[in-house]
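K.L.:
The listed protein sequences derive, respectively, from chains Y and S. For the first sequence, my numbering begins at -13 and goes up steadily by one. For the second sequence, my numbering begins at -13 and goes up steadily by one.
No lab work stands behind these hints: they were computed from the structure. Backbone N, C-alpha and C define an ideal beta-carbon position, used for all residues, glycine too. Hints may be right or wrong, so weigh each one.
What the hints assert, rightly or not - Where chain Y lies over chain S, by a calculated footprint (3+ residues, C-beta under 8 Å): (1) 168 to 181; (2) 184 to 195; (3) 201 to 211; (4) 244 to 253; (5) 296 to 306; (6) 311 to 322; (7) 330 to 341.
To be verified - Some residues of chain S that are not near chain Y, with every Cβ distance over 10 Å (derived): (8) R49; (9) R85; (10) T138; (11) I239; (12) D268; (13) P371; (14) R405; (15) R421.
2 protein chains.
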Amino acid sequence: MPRSLGSVLLTDFYQLTMLDAYRRSGMSGTAVFEMFVRRLPPGRGFLMAAGLEQVLDYLESLRFEDSELGWLAGCGHFGQDFVDWLADLRFTGDVWAMREGEAFFADEPILRVAAPLPEAQFVESRLINILHFQSLIASKAARVVLAARGRTLVDFGMRRAHGAEAAVWAARASYIAGFDGSATVEAGRRYGLPIFGTMAHSFVQAHDSELAAFLDFARARPRGLVLLIDTYDVDEAVAKVIDIAGRLDKDGIEIKALRLDSGDMAAGSLRIRRMLDAAGLDQIGIFLSGNLDEFAVDEYCRGGVPVTGFGVGTRLDVSADAPALDIAYKLQEYDGRPRRKRSEGKATWPGSKQVFRSLGEDGRIVRDVIGLASEPLPGRPLLHPVMRAGRPLESNPSMAEIRALAADTIASLPGACTRLDDPAPVVPEISAALRTLAEVVDESQAP
Amino acid sequence: MPRSLGSVLLTDFYQLTMLDAYRRSGMSGTAVFEMFVRRLPPGRGFLMAAGLEQVLDYLESLRFEDSELGWLAGCGHFGQDFVDWLADLRFTGDVWAMREGEAFFADEPILRVAAPLPEAQFVESRLINILHFQSLIASKAARVVLAARGRTLVDFGMRRAHGAEAAVWAARASYIAGFDGSATVEAGRRYGLPIFGTMAHSFVQAHDSELAAFLDFARARPRGLVLLIDTYDVDEAVAKVIDIAGRLDKDGIEIKALRLDSGDMAAGSLRIRRMLDAAGLDQIGIFLSGNLDEFAVDEYCRGGVPVTGFGVGTRLDVSADAPALDIAYKLQEYDGRPRRKRSEGKATWPGSKQVFRSLGEDGRIVRDVIGLASEPLPGRPLLHPVMRAGRPLESNPSMAEIRALAADTIASLPGACTRLDDPAPVVPEISAALRTLAEVVDESQAP
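Pulled out of the complex, with its shape left as it was, chain Y reads as follows (with noise of 0.2 Å):
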């Protein structure tokens, strides 16, 4: 992530004050701090991790400019003296994260922090932010990649995502969940997405004929052309393509697909598809947006809809059925004692965590054990180190390696997980030596 797209001071006014309370008290002992979510939303089965590369870039790059310690020593709420003190704040840190891609449940830490108290402290609100809607968004894109059965997927977000970085997060997330690619072109650039894209409805009506539309950009796009075909009337503009299609051939234009946008889609595929085929034209593809999400997708599949792909925009970018998850980044440990926090409804397991994951035969995850990260449990570690001493360990993996992971992590889900109705979570088991520390911790942990 370059730095430009967030200010050090993105974070929570708070994270300061109490950086300046525990620079003041002299509190630098290593602090562990784990990020989980507390329970997942309804119509998610599972969840998938996205957004570490950026988290690590955040933290190898974290430093307050002289802009932004000008700012802040005349903004009337600190002193000279903690000012100073954050120009030297680096992330000196060791980190353990699961890999992007991977699927996660209700209460396994997916990155768990160790760092002097005062930096394992104001990296939270950033973490979270990164993590959070990365993950949010990755999560929601597999259910349409699993409902989309193999057809081409494209993020068509851009405009309706809250601002510039959930439109480029949202392409990545969704392309690491399986999507094909995003129409967001700054996505290709930053990330190396397949970029694709068709025609709006403003260029068939800025010309004098949807005929005259489909030509002029027939020539301009002679690779990859997709055509809008309801502007005006879809039976009408089908026969113009049809008319067109062979006379385009000779030029050396290929139409790959008709876009449909509006209406009853369904009806309408079936119609489009009939007209193509009686004129020998069953080359060209039918591609379909306009409102969609894993259940629209998924009941055009179904269906029998002669769709060859899907532009989801609007639902996938916002995660419009559950915007937002119940994510946390919460202490578990300071100076080499175990913490948890006991508020009503919002309890925490202590200490330094790890989740095991068991495959059975067939190659579905049977069980997820959260245990200590000291403990020799069976079962597959998802935690890994990332950052030791605020320097990553390796580099980040590239986007198709992700994908991969994704792609098996997702046919590793039991059947429960991965259905669109009324999925059903693996729920992690704790480990019978967490469980004896949270009883120990109750006990002795000052209130």
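Given the coordinates of chain Y, work out where chain S should sit on it, guided by the hints.
P.N.:
Then chain S, alone, in the frame of chain Y:
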């Protein structure tokens, strides 16, 4: 908006392919586009315009940097002649817009762009991205402001906002709608918003005792001190506060409020209030946070719960009950001729339009009429000229001016719009001249 937050490549790929086609065909006549919301989400009786300042900054500074042009030239989709043409692209058009803070309803244009077709087309994706999100949040925040009946409101949503830009813009938009400020430091720096903060559970947990945490924090924050009291046991925490209040007062430290973030906060607030009052600490306020929205805030305020302020986070910053608006930017005229999209369920009103608002003697809206921009209709016109030939016509209003307009607008809304449950928006009338134009366009527009 600093350029750094949004590359000019933050657009949909089809904008570029269409521009290439316009360039080849020499289509550079004046196009008029308007932005409007097709219908309000359930649960919204009005919407509030926000984001114009960022729109004008974007338009004024629009240009392709060398690095962006280089990437486009190498991405395999465009020829060098098109890339060279993009190097000279600027926005040279005229813009009319509703002022930030203005209430609006379905079908009412909130922005009108008149510019050479390629320019007016290209800016679509980012203009929607900017105005959609800020208007979405201002609309949600205005409902929270109505529910809070004058109590302090602070935006706490940064961590679960969708990325960096969403976080700072949610702070800005909620401040416009009447919030008192935000916890997001960067919003304070960028927009001059008052920033607020308390302390986190981790701060309490990191200390050996809750009492030590309170005393440490008090010494670091002698002004505006807010103590978080639900890390362990609320009643015990309040007892500690009562115990130390006198001592702190002698040291010149005033406890402003106690924050409660979990459990049954209505019962908790009543109990805390009784305890504080019995100890003669009636000046200490009670501040609530945790999963709040306008309904929760309303319930606490109506129920006589003695709360002085609220931190409203996730549900505000993602507009949880309606995380997107059905907003569109549509071609209304090209080269002097009105245009109309007729797609099933998505037809638009043609031509350059204006919204005329009439208030009754009680200062409340009695009628909104959508007419032609050239019509001399009664009522206050809501669209103002804000940019001519690519230059802003006046300096941006201050945040204080925008907030004053928003407050006036909210005061002008009929009760049916502002009630929290099942609100009924104003339904704008369509002028006779506009209806006639639509019929003429339908008859004459070549399909």
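K.L.:
Per the stated criterion, does the least C-beta distance between D268 (chain S) and chain Y lie above 10 Å, as a non-interface residue requires?
P.N.:
Holds, because the least Cβ-Cβ distance between D268 (chain S) and chain Y comes to about 25 Å, which exceeds 10 Å.
K.L.:
Counting residues of the stretch 244 to 253 of chain S with a beta carbon closer than 8 Å to any beta carbon of chain Y, are there 3 or more?
P.N.:
With 4 residues in contact (Cβ-Cβ under 8 Å with chain Y), the coverage given for the stretch 244 to 253 of chain S holds.
K.L.:
With a C-beta cutoff of 8 Å, work out whether three or more residues of the stretch 168 to 181 of chain S approach chain Y closely enough for the coverage to hold.
P.N.:
holds (count 7)
K.L.:
Verify this for me: three or more residues of the stretch 311 to 322 of chain S with a beta carbon less than 8 Å from a beta carbon of chain Y.
P.N.:
Three-residue rule met by the stretch 311 to 322 of chain S, so holds; n is 5.
K.L.:
Measuring Cβ to Cβ, find out whether T138 (chain S) lies farther than 10 Å from everything in chain Y.
P.N.:
holds, 15 Å
K.L.:
Was I239 (chain S) rightly flagged as not at the interface, with every chain Y Cβ beyond 10 Å?
P.N.:
holds, 13 Å
K.L.:
According to a criterion of three or more residues whose C-beta lies within less than 8 Å of a C-beta of chain Y, is the stretch 201 to 211 of chain S covered?
P.N.:
holds (count 5)
K.L.:
Confirm or reject the coverage of the stretch 184 to 195 of chain S by chain Y under the rule of 3 or more residues with a beta carbon closer than 8 Å to the chain's beta carbons.
P.N.:
holds (count 11)
K.L.:
When I compare C-beta atoms, does the stretch 296 to 306 of chain S have three or more residues closer than 8 Å to chain Y?
P.N.:
Coverage by chain Y holds here, the residue count being 5 at a Cβ distance below 8 Å.
K.L.:
Confirm or reject the statement that R405 (chain S) sits farther than 10 Å, beta carbon to beta carbon, from all of chain Y.
P.N.:
Answer for R405 (chain S): holds, closest chain Y Cβ roughly 24 Å.
K.L.:
Are at least 3 residues of the stretch 330 to 341 of chain S within less than 8 Å of chain Y when you compare beta carbons?
P.N.:
holds (count 3)
K.L.:
Over 10 Å to the closest beta carbon of chain Y is the bar; see if P371 (chain S) clears it.
P.N.:
holds, 23 Å
Against the hints set out earlier in the document, no violation occurs for any number.
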